[in-house]
Structure formats: structure tokens, C-alpha cells
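> Given next are the chains, with one letter for each unit.
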Amino acid sequence: MNLKFVQGSSYRDRTQEFISITERLRKSLPSLNGSSKPDGSRSKVAFQTEFNKRASKIGYGIHQTSLKLAKLAKLAKRTSVFDDPMVEIQELTAVIKQDITALNAAVVDLQLVCNAQKENESVSTDTTTHSTTVVDNLKNRLMGATKEFKEVLTMRTENLKVHENRRQLFSANTSKDSSNPFARQRPLANKSTSKASASPPPWVNNSSNSSPLFPRKQADGESQPLLQQQQSQQQQQMVPLQDSYMQSRAEALHNVESTIHELGGIFTQLATMVSQQGELAIRIDENMEDTLANVEGAQGQLMRYLNSISSNRWLMIKIFFVLIVFLMIFLFFVA
Amino acid sequence: MKITALLVLKCDSRSDGSDPVILANATDVSHFGYFQRVTVKQFIVFVGRTVAKRTPPDQRHSVQHEEYKVHSYNRNGLCVVGFMDDHYPVRSAFSVLNKVMDEYQKCFGDSWRTIQADSTQPWPYLNDALTKFQDPGEADKLLKIQRELDETKIILHKTIDSVLERGEKLDSLVEKSSDLSAASQMFYKQAKKTNQCCTIL
Chain P
1 MNLKFVQGSS
11 YRDRTQEFIS
21 ITERLRKSLP
31 SLNGSSKPDG
41 SRSKVAFQTE
51 FNKRASKIGY
61 GIHQTSLKLA
71 KLAKLAKRTS
81 VFDDPMVEIQ
91 ELTAVIKQDI
101 TALNAAVVDL
111 QLVCNAQKEN
121 ESVSTDTTTH
131 STTVVDNLKN
141 RLMGATKEFK
151 EVLTMRTENL
161 KVHENRRQLF
171 SANTSKDSSN
181 PFARQRPLAN
191 KSTSKASASP
201 PPWVNNSSNS
211 SPLFPRKQAD
221 GESQPLLQQQ
231 QSQQQQQMVP
241 LQDSYMQSRA
251 EALHNVESTI
261 HELGGIFTQL
271 ATMVSQQGEL
281 AIRIDENMED
291 TLANVEGAQG
301 QLMRYLNSIS
311 SNRWLMIKIF
321 FVLIVFLMIF
331 LFFVA
Chain A
1 MKITALLVLK
11 CDSRSDGSDP
21 VILANATDVS
31 HFGYFQRVTV
41 KQFIVFVGRT
51 VAKRTPPDQR
61 HSVQHEEYKV
71 HSYNRNGLCV
81 VGFMDDHYPV
91 RSAFSVLNKV
101 MDEYQKCFGD
111 SWRTIQADST
121 QPWPYLNDAL
131 TKFQDPGEAD
141 KLLKIQRELD
151 ETKIILHKTI
161 DSVLERGEKL
171 DSLVEKSSDL
181 SAASQMFYKQ
191 AKKTNQCCTI
201 L
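Residue numbers (full-length UniProt numbering), protein chains in the order written: chain P, 1 to 335; chain A, 1 to 201.
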């Protein structure tokens, strides 16, 4: 019994034992074994066992690969912005890719063997159907594994994009907050220099080298010191700008695009708010109409009252008479 | 943010050290004193020649020299050099150089290749370009667009603030109008009551 590691899969290879047993049997039963038929049957059996062994190896390999794929999927899903296991993921991706290609080759091999077996010998149809079914099954499983792999890769690239966006959002936010948006060149230059890896050292070198010159510079009488300094100290540093130029252009375009996008969002928000407020205005209008109706009704009532009061003079005189009579009686009784 | 000088030179790619030949020159030395202007011009010519000589063909270079940045762009032996200060954005600088180069090639075709001595004729376009491109937004459309977009965004933010205020005012108006409607209803009921109850009198 020996453990072998082939293509990342492990299996126990007991063919040696099997071969030794068959040898022993052959030696012990020489009479039963003929010449061609046992050879044919042995070769058939050998074929079948070979086929089965290969098929089981491939199946096991596919199983291992799908396990690794599940691990990769979990890793890809759980990536956060700062704790990115990029190296691990890349290693795992490479290993899985290798596995899948090897398994693909093995399945193709197996299929060839199965076809050869079909064509060469007069084996039973059951065996051929069985072998073809096994090969198809293996192919399907391998295809499933490849599809999963592709999905995991797309998910990983999406995650990376999201992280990039989030990182850009954070860096764009800090630069926007700190500086006046009109003077946009400075944050842009800062961002582009922070992103272009080749440029920070030359820029830093430039600034550190030119700063000792600044205290010596006066606003007037520049040209004389200029000439002298130029002759004495040639502080020229060539900055390779070719690709950082292109990069800065590309970045500027990205910025423009994202700004336009934001503007679009702002406009949408504006439209939403205005429509909501439109509804408020309608409510106000209804309330005012109600008020108008109520006030008109009340005014009508009061007019009627006024009319009844002003036209009821005869009744009022009578009422006053009755009142005065009562007052008289009251006064008489008291006094 | 200003451009101090723009130079167009013909530089040979031969490494025998022959100095590039000046084809056009435009300088703005108004901020130097009167007596230093000539020296400054000579200095600009010298530095421009050196930088152009050291710029390999089909490449862009930027050199920091004291408080100036010298940007140079060499295309097929025709080199445009610009002296800008530190605040001038690099991208706009190179777009200025590109524009000048295209314009020069349009105007003069390939005749510059035969010129051997420094030409002293002023090229009006270069002078105009110098004044026009003092504002980097003119040269670099992207920068201009970005600037305008930022202004628009600020205006939109103000608009949204005023819309929010309007929303608050509308809210208060809604409340007041509903109060008014309730009060008028009470008023109506009261008037009806007074009318109904005093018919006996």
C-alpha cells in the first residue's frame, strides 16, 4: 500500500497486490487458463480495470478540485478592503487552473480509450454503454467545475472593482474636503502622483532639491542669480513622464465621467424633491379652498342673521316693552 | 500659473552634440526688471537648447529648474519647449506643446528641416498662444470641462439647499392653511348656531 500524490489527489494504488495475486492464481491453476481466450478476457478485464482505475482517479481529482474551488469562492467572497489575501487567492487560482487542465486532458484520454475499446474488441454493449456513460458523467462534472471556477473569477473581479471604487471614493472625499474645488489641479496632481509609482521619488527629489534654492531667491534681480546658479549648480532632474502623462489623462477622463455621473444623481434627487413638494402645494391649495367655502358659508349665515335682526324691529320693540315691564315690577317689589 | 516662454526648435538626433536650432521664440519677461530682460531671454534660449538636445525623439520630458518647470516634447526632430511655473498642471503644459507643434507643422510644413541658423522672425501665433494659454483651462479641454463641472456641482448644491428651504416653508404653509381651514369651519358652525337659536326672539 503506498500513498501517491498525483495532480494534488491522493489514492492508494493496490495494483501491485492485484498483479501479484493474479500471478499466484495463474501459477496455481495452470490447467484452467487456455491460450487466446484468457488472454482476450484478461486483456478485456485489464482494459476494464484500467478504464475504471482512470475513471476513479479522474473523479477523485474533480472532487478535490471542487473542494479547492469552494475554498477559493469563500476567500473571494470575504475579501475586505484592507485585508486582501491576494497572494493566496492567486496561488489557489493557479493551482486550480492547472488541475482543471490536467483533468481535462485525462478525460479526453479516457474518452479515446473508451472509443478504442468500442472499436477494437467485440465487447458487450453493456460495457460500452457503461464506459460511455462514465465518460459523459466525468465530462459533465468537469464542465460544472469549470463553470464554477469562471463564476468565482468574475465575482473576484467585481469585488476588486468595488474595492477600487470604494478606495477612490474615500481618497476623492478626503481631497475634496480639504481643498477648494476650484483649485482642482492640486488634488489631481497629488492623486496622480500617488498612483503613478515611478513619479513620487522624482517629484520628492525635485521638491527637496529646489527648496534650498528658494530662500536664496529674491523677487527682483532674478536673472543674475539665475545665471550664476545655473552655471554653478545644474539641478536638473529628468522625470520620465511618458506613461504618467497618459495615466494622468486617463485619470482626468475618469474624473470627468464620475463627476458627470454625480451630477446626474444630483439632478434626479432634485427632481424627486421638487415633485414631493409639488404634492405639498396641492394640499395647501385644497386647504385654502376649504377655508374659502367655510368662510363664505359663515358670511351667508351672518348676513341672514343681520337681516333677521334688522327686519325684526317690531318684535324687538315688543321684547323691550316686556323687559321694561319686568324691571318696573322688580323695582316696585324691592322699593 | 503662468507660461514664461515657448520655443520651437529643430533638434538633430545625431549625438555629435550640435545644438538645436531655434525656429520660433516667444517670451513673456514682463515680470523681470527692465535691465534683466535681455539676460533672461538669453538664459531661456540656452536652457531651451540644452533641454531640447537632451530630449530623445518621440518623448516628453519635464525638467525642474529652480522655480520653473521646463517641459519639452520632441516629435520627429521638431521639438517644442515650454517654460512654466510649478503650478501649471503638467497635462495642460503638454497639450499646449502639442497644439503649438501641430500649428507649426500646419503653417510651415516640413520647411523647417532645412533651416540651419536661428531664425529671428517672430511667429505671431506663438505670441498669441503664449498669452492665450496663460490660463491652463484654455489649453486643456479636460481641465476646462472639469472646472465647469465643479462649478455646476456647486450651483446644484446651492439649488438643492434652496429647494430644501422651500420645502420647509411649504410645510409651515400647509400647517397654517390647515389651521385656517379648521378655524373657518368653527366660525361657520358658530354662525349657524347663532342664527338658529335666536329665532324666537
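Incorrect hints may have been included.
Stretches of chain P that chain A covers, calculated by requiring three or more beta carbons in the stretch to come under 8 Å of a beta carbon on chain A [said to hold, decoys possible]:
#: 1; region: 22 to 28
#: 2; region: 137 to 146
#: 3; region: 274 to 284
Far from chain A, some chain P residues (derived; all Cβ distances over 10 Å) [said to hold, decoys possible]:
#: 4; residue: Ile100
#: 5; residue: Ser248
#: 6; residue: Arg249
#: 7; residue: Ala252
#: 8; residue: Val256
#: 9; residue: Asn287
#: 10; residue: Asp290
#: 11; residue: Asn294
#: 12; residue: Leu327
#: 13; residue: Met328
By construction, these hints were calculated from the structure, which means they are not laboratory data. Every residue, glycine too, gets a C-beta built ideally from N, C-alpha and C.
> Now tell me if each hint is right for this structure.
Now the hints, each set against the structure:
| no. | hint | result |
| --- | --- | --- |
| 1 | 22 to 28 | violated (count 0) |
| 2 | 137 to 146 | violated (count 0) |
| 3 | 274 to 284 | holds (count 7) |
| 4 | Ile100 | holds (44 Å) |
| 5 | Ser248 | violated (5 Å) |
| 6 | Arg249 | violated (6 Å) |
| 7 | Ala252 | violated (5 Å) |
| 8 | Val256 | violated (6 Å) |
| 9 | Asn287 | violated (4 Å) |
| 10 | Asp290 | violated (4 Å) |
| 11 | Asn294 | violated (4 Å) |
| 12 | Leu327 | holds (18 Å) |
| 13 | Met328 | holds (21 Å) |
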